[in-house]
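Participant: Sequence:
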Amino acid sequence: MQTFLAIVAVAVLVWLLPYLWRRWRFRHLRSRPLTAAQKRLLRQALPIYQHLSAGLQSELESNVSLILQDKEFVGCEGLRITEEVRVSIAAFAGLLLLRREHRGYPDLRTVLVYPETYVARETHFEGYVETTHDSAREGEAHYLGPVVISWSDLQHDMRHPENGRNVALHEFAHKLDEEDGVFDGRPVFTGKGEGRNWAAVLSKEYRRLQEVSAGLAHTEEVPTVLDLYGAISPAEFFAVATEAFFVTPHALRRHHADLYGEFQSFYRLDPAELLPESPPVNQ
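Heads up, my numbering is the position in the sequence shown plus 6, with the first residue counted as 1.
It is worth saying that the hints were derived from the structure and are not from the lab. Where hints are given, some of them may not hold.
To be verified - With a Cα cut of at most 25 angstroms, we get these calculated SDA-like pairs of lysine to any residue: (1) K45 with L281; (2) K77 with A42; (3) K210 with N169; (4) K45 with Q75; (5) K77 with A205; (6) K45 with A278; (7) K45 with R274; (8) K77 with R105; (9) K77 with A43; (10) K198 with N169; (11) K210 with I238; (12) K45 with E90; (13) K45 with E83; (14) K45 with S68; (15) K77 with R143; (16) K77 with E90; (17) K210 with Q270; (18) K198 with V218.
Using the sequences plus the hints, can you model the full thing?
Facilitator: This is the structure:
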């Protein structure tokens, strides 16, 4: 009997110790304060930072600290990874985690950063026929793999928020989406009542964007502030809508009120109330 109990105790320890280690490490990394220079870069990258409460600013800084220490940033095609590159990308990744119970993108180890738009090899299968071609990319998120970002495109997005695009928000939204095991445009919901109307609202808005993309509806009749790239799949729609929610929130709320409401509930923030309104998109 004693031998059996000893075996059970060892088995419990073997299961428990890795969990306790991960939990301690997570808290330890988040507790390390940002330097004054890193805080300055964070404020420059995220205009919304100055409009957050002191508590949310502190939480965001902890998220950024975790990402900076836990993820490896690798420069590609000769790009030198500076602190500006690291903090800017970590800022947008950390923003998506505010007010959420999270593990800091646990399946992400590496962020690959290209100096500009890069070319990736794309493979398609139709039955037994395999075709490949080169595709220009601003970024991508690999399933259970790295995030890839074009630094020049992210810089352009930060300088021109009126366009409603942000490649870092887009790719890290995919990483949130994959946490349930699949890229499907339905992320993990943790709050009570979250996601109750998600499928109905997003399906309606996704079909609406597909109609605009296919030319079946005109933007004059069915105005949209969403990038038409979101019409490709529900996963891309979620990522594109995340961009609009944080970058052009007033326009999204005005033209897609129900969609804005669902994202406000999911991300637990109201950017349209926090940020001053910018000029309308395409003006």
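Participant: Determine which of the earlier numbered hints do not hold for this structure and return their numbers in increasing order.
Facilitator: Checked against the structure, the hints that fail are numbers 5, 10, 13, 18, while the rest are satisfied.
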